[in-house]
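As given, the protein sequences belong to chains A and B, one line each in that order.
For the first sequence, the UniProt record's numbering assigns the number 1 to the initial residue and increments by one for each residue that follows.
For the second sequence, the UniProt record's numbering assigns the number 1 to the initial residue and increments by one for each residue that follows.
Honestly, the hints are just simulated from the structure, not real lab data.
These numbers were taken from a predicted model, which means no experiment stands behind them.
A portion of the hints provided could be inaccurate.
[Said to hold, decoys possible] Here are the simulated PhoX-like cross-link-like pairs (lysine-lysine), alpha carbons at most 25 Å apart as the crow flies: (1) B:286 <-> B:251; (2) A:354 <-> A:305; (3) A:112 <-> B:149; (4) A:217 <-> B:149.
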Amino acid sequence: MKRYFLTLFVAALVTLAMSTDATARKKPATKAKPVASVGHQQGANGDLAEARLMGIYQLMAKAQGREALAQAEQLVKDHPHFQLAQLVYGDLLAARTRPVRMVGDVPEPMRKAAAPVLDQLRDESQMRLKALRERPPSGALPSQFLALSARNKHAIAIDASRSRLYLLENRPTGLTLIADYYVSIGKSGLSKNAEGDLRTPMGVYFITSNLDPKSLKDFYGSGALPINYPNVLDNLRGKTGGGIWLHGTPPGQFSRPPLATDGCVVLANPDLMALIRTVEVRTTPVVISQSLKWVTPNTARSESKPFEEALTAWQNAKSSGNMNQVLSFYSPSFNSNGKSLTEWTPALRSELNKVQGRAIQLKDLSLLRWTDSADTMVVTFGEVTDGTRTGPTKRQYWVRQGSDWKIFYEGVIG
Amino acid sequence: MTLARTTLFTTLRLLTLALACATSVAYADDYGDVSQLVRAGKLDEAMVKADSYLVGKPADPQMRFLKGVIQRNLGKQAEAIATFTKLTEDYPELPEPYNNLAVLYAGQSQFDKARAALEMAIRTNPSYATAHENLGDIYARLASQAYNKALQLDGANAAVPPKLALIRELFSPNNKGQHPATTALAAAPAVPVAKPSTPAPAAPTAVPAVVAPATTLRAAPAKPVASDSAAQESRQVEEAVQAWAKAWSTKDITAYLGAYGKEFDPAGQQSRKAWEEERRKRIVGKTSISVKLEKLSVTVNGAKAIAKFRQDYRAGALAVSSRKTLELVKTGNRWLIVKESTGN
């Protein structure tokens with residue numbers, strides 16, 4: 001049999017050969033772990049389907065066509081609806097009879113019949129490769145996660161420019177990347193503004209619930225994790241729409257193109273299941289960003305300092321029981337579940353009266369920063385007055401005005 | 001695929017045949033008779049003869065092979081599959097039964113099985129041209145299926161299974177009086193040259209074979225005005241093709257290679273020079289070659305022409321009949337071959 005090597009195709013993939021080795025190193029090298037963590041490891045590469053596809057790419061880059069073909073054959077047998085895998089399998093078969101010049105070098109009549117689908121599959125291929133070539137720096141964390149309390153066992157960060165969801169575990173040693181998955185977002189991209197705009201929101205959110213797949217249509221696949229869009233900041237900005245979920249794919253579809261949803265974030269079912277097994281509702285933050293900035297834990301700490309000073313000043317004001325001093329931390333645009341600052345002040349006053357000048361402590365503090373046209377901070381803590389054992393869990397939204405930070409939302413959660 | 005390995009397999013294969021057919025000198029005519037009946041389409045008669053022969057020699061690979069061909073031609077797919085499967089078990093070093101198994105599987109759209117069988121055929125005999133060609137077709141079809149799944153096309157264009165070349169005989173029975181094993185010994189090295197892709201007899205569902213009546217002068221009166229010069233052109237093409245066959249038969253390598261135009265691109269990735277060298281070696285090295293053309297039909301379109309025919313090729317003991325298509329281009333006042341393909 002004449003061997004047609006995958007000429008140009010290979011050139012595009014060669015760089016991958018090195019980068020995915022880095023991926024392999026990335027896997028947390030831990031000893032015996034509890035069952036839940038084994039789940040992470042299995043899910044670390046999307047039920048291994050993506051890792052297997054990348055392994056096939058690497059074999060192609062090394063011109064090991066026969067081995068690549070054998071592995072592709074097995075992959076499509078295991079995941080017959082993985083369209084990108086089928087495409088690559090097709091290329092490898094075709095390469096035994098003619099030169100294959102690019103991913104999805106389909107015969108002309110087919111290309112004509114399905115050009116948009118082909119383009120989407122090539123985009124998916126590119127995004128998967130890009131995310132694996134451009135790995136987050138080791139030990140770094142997304143800049144939004146300034147501080148996470150021990151209660152936030154995990155954090156999720158989505159990078160649209162790489163069609164990627166990164167799952168981090170909050171360990172005593174700090175946030176650690178434990179898995180990442182290919183995702184699809186809205187057909188019209190990011191920055192949701194209005195209902196029906198086919199966009200995925202950008203910002204800092206929390207998983208609000210875990211929907212039972214039995215109650216869902218097939219379309220949502222193996223489950224759904226809704227997030228709290230529109231959040232307080234979105235409401236302030238008059239954004240509309242809702243029902244933004246992280247969910248799975250229909251039975252006949254392993255993964256969807258990078259831009260494919262009405263605004264939700266969609267993962268392959270095995271990936272979503274790994275995510276559902278891992279994360280907790282309500283405490284897991286979800287950052288959705290055009291392009292994540294990864295920073296060192298030290299940078300995060302030093303960047304949170306100025307804000308923490310403002311927060312401490314508020315804490316001291318509240319501990320002192322001086323109402324006017326406390327009110328100086330609140331923004332005129334304050335809105336707590338529909339109440340303006342004036343309407344809300346009596347509640348704050350009665351709270352202060354209860355404290356009676358005793359000091360308050362902020363337990364399990366978590367700081368999430370979101371910066372776009374404004375610089376905002378989402379703060380969650382347990383407010384415990386000295387002499388009592390527990391207190392309400394509160395969430396505040398702060399906005400930076402010049403060098404001052406002002407509260408524009410405060411409420412009790414959970 | 002080293003030469004040593006090829007030779008080893010060839011030797012093994014011939015040894016098998018020699019052992020299996022040790023007494024078959026006397027029976028060579030029986031093979032010939034059965035083959036003849038198959039060719040003539042007298043399948044029931046061929047079957048009776050094959051069966052009665054097998055009563056005396058139930059292990060005989062050649063006759064069992066012929067029986068498989070007959071069963072297949074009778075439309076008894078399952079029985080033919082059983083016959084060839086058994087042959088691959090009893091004579092795993094013979095590539096032909098694997099090839100024919102693949103043809104049957106492909107006919108049932110079981111391309112994965114067809115692929116596995118062809119890969120076995122090639123492992124058995126790495127220089128096996130027909131299996132290579134058939135495997136190429138299977139790969140293309142499997143690729144098409146995968147692409148259809150990837151692009152979520154309905155795959156309607158894949159409904160008709162590809163037509164693969166069936167091997168009709170394990171070795172040629174034509175050279176009477178010669179020991180079949182020796183016959184095969186002479187024939188084996190010639191296999192890649194001759195491209196013995198004898199196509200399967202056209203199944204009723206298959207794409208109708210384009211066997212237009214030969215374009216001869218008799219066709220001219222039908223289109224008296226336009227076809228006058230066309231008829232002349234087509235006669236020139238016919239002459240060029242016959243001259244090519246004659247040059248091949250007479251081992252006139254210069255005339256043979258001269259029949260090909262500059263633009264002729266050998267199949268696969270072989271360079272023109274390598275191809276010429278190979279042809280030279282293969283043709284000049286034969287003791288005798290006979291190339292006869294049947295059912296020659298020519299279509300002329302301006303300075304381009306297509307000639308289709310059945311080519312009966314004999315070299316020493318090897319005899320293969322295959323369909324061939326030549327594409328020619330008029331260069332000056334000569335018609336030169338620019339493309340050569342086997343099969344329909």
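Which of the listed hints are broken here?
Checked against the structure, the only hint that fails is number 2, while the rest are satisfied.
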